[in-house]
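**Student:** Chains as they are written, first to last, in the working numbering: chain A, 66 to 384; chain B, 5 to 247; chain C, 807 to 1296.
Hints in this document: simulated from the structure, not taken from any laboratory. Keep in mind that a hint or two might mislead.
What the hints assert, rightly or not - Distance ranges between label pairs, derived from CB positions:
no.	chain 1	residue 1	chain 2	residue 2	range
1	A	Trp-347	B	Gln-92	29 to 39 Å
2	B	Gln-96	C	Leu-1259	49 to 59 Å
3	B	Val-91	A	Gly-143	57 to 67 Å
4	B	Ala-72	C	Val-1262	54 to 64 Å
5	A	Asn-129	B	Gln-220	51 to 61 Å
6	C	Leu-1084	B	Leu-196	50 to 60 Å
7	B	Val-91	A	Gln-361	21 to 31 Å
8	B	Gln-92	C	Pro-831	33 to 43 Å
9	B	Gln-220	A	Gln-361	48 to 58 Å
As the structure is a computational prediction, the values presented were derived from the model and not from experiment. Glycine included, C-beta positions come from ideal geometry on N, C-alpha and C.
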Amino acid sequence: MDSQLTAWALAAGQALLFIAAAPLLAGWLQRVKCHMQNRAAPAVWQPYRNLAKLLRKRVLLAENASWLFRAVPYIVFGAMLLAAAVVPLIAVHLPSAAIADLIVLVGFFALARFFTALAGLDIGTAFGGMGASREMMVSALAEPAMLMAVFTLSMTATTTNLSVATDYILQAGLVLRPSFLFALLALAMVAVAESSRVPVDNPATHLELTMLHEAMILEYGGRHLALIEWASQIKLMIYSVLIVDFFFPWGIATGFGAKALVIGAIAMTAKLMLLAVVLIVWETVLAKMRLFRVPQFLGFAFMLSLLAMLTHVVLETGG
Amino acid sequence: MGIASLGLYSQAIILFAALALFTSFIMLAQARMMPLIFTFAWQGLLLAVVSVLVAIVSKHPHLYVSAALTFALKVMVIPWLLYRLSVQLNMQYDAEAIEHPTLLLLGGVALVIFSYFVAQSIVHLSGLATRNTIAVSIAIELLGMLLMCARKSAVAQVIGFMSMESGIFFAAVVSTYGMPLIVELGVAFDVLVASILFGVFFFHLRDSFGSLDVGQFNRLSEANQPMPVREAAGGGHSAGDHS
Amino acid sequence: MTLLEVTLLVPLFGGLLLAIVGHRPVAGWINVAVGIVTFGAALAMALEVFANGPQLSPSRMFYIDAFNVYLVVLTAFVGLTTSIFSRPYMRHEVERGRVTDRRLRLYHAMYQCFLFSMLLALSTNNLGVLWVAMELATLTTVLLVSLYRTPEATEAAWKYFILCGVGIAQALFGTVLIYFAAESKLGGERDDTLLWTVLHGAAGGGLDPAVITLAFVFLLVGYGTKVGLVPLHNWLPDAHSEGPTPMSAVLSGLLLNVALYALVRVKMLVDASLHTNLAGHLMMGFGMLSFTVAGLFLHRQHDVKRMFSYSSIEHMGLITFGFGIGAPLATFGALLHMTVHSLTKSAIFVTVGHACQLAGTQRIDQIRGLIRTQPAIGWGLLLGTVAIAGFPPFGVFISEFLLLMAAMKSWPWLTIPLLIGFGVAFAGLFRHMQRMVFGEPPPGQKPVEANMLPVVVHLVLVLWLGLAIPTFLARWFEQATVLISGASPL
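Use the sequences and the hints to build the structure in full.
**Tutor:** Right, here's the structure in full:
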């Protein structure tokens, strides 16, 4: 009973840590990007200040905004919170891992995306509609790639449960799996597309030609905007943690002892920081693509994930 | 379990084979000349590395010779020849227009599945731990053929041909520990002469047609044959066009 | 030096010599001299094999038995007669300015190297070396097809290179698969697993059927491309019509035979392993397809050389069909057909070459009145077409008759498309030929210097084979038939 309580407490703690750390990751990303571009960087906790400022501001709504417009930020944030709660950040085998199914995770993302698109359409501005349609196109192409990559990983681990899969990969030791390599590349490309990074979308821009995600949430202000921005930071962190969990899970805590948890926390922090650097280098090297080339980009991601599945079936089974 | 039960070298063989397959896919969709040649050189390098690994795992020293041949030919000589040709023909920055690259890639995936089925019927004969890579070698060969058929640039067709030959060489390495040395030398010699002839041809094609776009080469197709001339009363006598 | 070494090395060194002096007037004579020596050595070797049975070289790299020795002799013979024809022809081409000195050197050198590669392919015992020689044959002729450097010639040579390249690569994969099957049966420590003699012995014990079937499919596609089987034939009409005429003669007359020889050798292995007639059925299917399609395409042609190239495809389809049936009578007929087709087709191409020189064009509708202007050429073309269409008393009639009889014995219904095909091809050839040979010659058409001796020799041989096959030749074919199909037809 006592260990059960500890486990649940740990699960809740991990979820809170997750959402609390998401803006920190965003701040670190911004810092690295500024360094790469030779600019003076803001402090690492600047996103917290931004969120606090937004929470204090008054909400201005358009006249024809419906109840949906006001509800969407909470729905989106709630979905992201639930998703963050199931992804193993520091420890696997937490009680929340029972619902940590990969397909459920994809479902959470789809839920958030769907409602954001509806919010974009709600007021009836041109930007909102345009952003919503673009976002739907991108995700229609990205989701099969992500699911295929996820299925490849599930086939190796013989389960779709995130926590069990991470543990399996941890136990298997160093195995050079080509399917994992391709799935990593595919998942990375999908993550870039879904979290609206270069080259699919530029998170720092508000130009019509280049907006996807920003266009949908253009009308939001105040605490609504705070929740939505926080939610997108959590989304980016979830993708990063997913990649770390599947492909570089070493260091994650399998027990609940204090030492294991501390090692897990340090390992995860280090890996996330490194991943952020890789992402920023990638963003700096590439230019944003024309919208019409995004299907090709995502088609390539899909082909990579197909290749991952094929190499798994052909090369890795039946030895 | 499959791959986890193999030694590290065998895992590395499988990994590099999969990467070589990946380069085949990249070549399918790569429209620009220089990256195409570069990717082809990478494929040659990966296959040479696999040959070395197979030599280590199976203790067949003459595979080192195969690997050296592959390296010399596919990584050094042929890409250098192609690069020099592109520079001489002033087309190193050319990019061809591939219609439907995504369809092409999906066609490639279908070919991989097909080669897996083909290989399934024959892998039971092999005693090697890496027998699954036979399917990959067949796939590389078929993807090379797809590259030849689907692309319009003469250089891409030549690279497809060389890639096909790489795939077959690779098949020999992973299924039978390479072929007898005299055969391998003969094949390498043939490939070298073929690449030199291709180079000569590029100049002829450019002089005759003004471009290396294969779609322009259609004077001899059956549909384009000139219609017969009606015979006039005194009989015509054409200025000798062919003979 | 053994006879085999002479047969192989003389063309090779001749080619290297001609690479240096090929542009001099004496080059034509050197070409002929090399041909005479090669033919003499080949004939002597044939007599030795005929007397003493199959010969295996000490290194086991070369193996001469009844099947390939007659092809070696045929290749050397047609190579010789075509070189006799090519000497004045190429001189005429140089005078007309269509070929430069450098290209003449290339032509002569590659001609002998081409003969070398074909002889190597025919006499080697190693399947891998067979492949290398076949690819070498393609490589040596590719530049010759584009000798005239017109856009059409360059396009034809490119198509030839690419399509034959794809095909031959599949054949390499098939060879690898055979090696794979053989190694798993014989063990991996031997270095002679690719030798045909060893494989033929091991195949009796049964190489793995799945692998061998797959290997045969790839080899059929691969070597079948070089034979010109439909639907892999697209390169053939272009390559055979755009090159200089001696090239067309040897390509049509010899290279197709060598490719088919490679295919039949592999079929012998497959049949011993498989105990079903799958290989034969596949060959019959492709052969029949080529035979009918080519006969139909014949009618549409406007270029005389293309027309005769389609006739080559048709006849090679028929021979493949014959080998596919597999019965001794069919095999005998196919072997005979290989010989007479080779002789007749090269004679026809020689005549056509002269006719095109006469008329100044290759287009059928612009060549008229050959028999009036230069009776030798006109009669040559007439008799050649009559021979190739299968009229008695020429040899083609005999071989076609034998093939028909074999088809009637084993596959009676297939004789109907065969007969229809014969009729269609006959109609097509005659329709075009009749206007070319007869008809009003255009004004100003003058006779050209023509060396019709090769044509006469070939046609006389074909006539002789049609009237009465000499005993030694019949026994030679019979030995080959026993080798391939396991029983004697007589």
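**Student:** Indicate, hint by hint, whether the structure satisfies it.
**Tutor:** Going through the hints against the structure:
1. A:Trp-347 <-> B:Gln-92: 29 to 39 Å: 36 Å, holds
2. B:Gln-96 <-> C:Leu-1259: 49 to 59 Å: 53 Å, holds
3. B:Val-91 <-> A:Gly-143: 57 to 67 Å: 60 Å, holds
4. B:Ala-72 <-> C:Val-1262: 54 to 64 Å: Cβ of B:Ala-72 to Cβ of C:Val-1262: about 55 Å, so the range 54 to 64 Å holds.
5. A:Asn-129 <-> B:Gln-220: 51 to 61 Å: For B:Gln-220 against A:Asn-129, whose Cβ atoms are near 59 Å apart, the range 51 to 61 Å holds.
6. C:Leu-1084 <-> B:Leu-196: 50 to 60 Å: Given range 50 to 60 Å: violated, Cβ gap about 36 Å.
7. B:Val-91 <-> A:Gln-361: 21 to 31 Å: Roughly 29 Å apart at Cβ, these two residues keep to the hinted range, so it holds.
8. B:Gln-92 <-> C:Pro-831: 33 to 43 Å: 35 Å, holds
9. B:Gln-220 <-> A:Gln-361: 48 to 58 Å: 26 Å, violated
The structure is inconsistent with the numbered hints 6, 9, although it conforms to all the rest.
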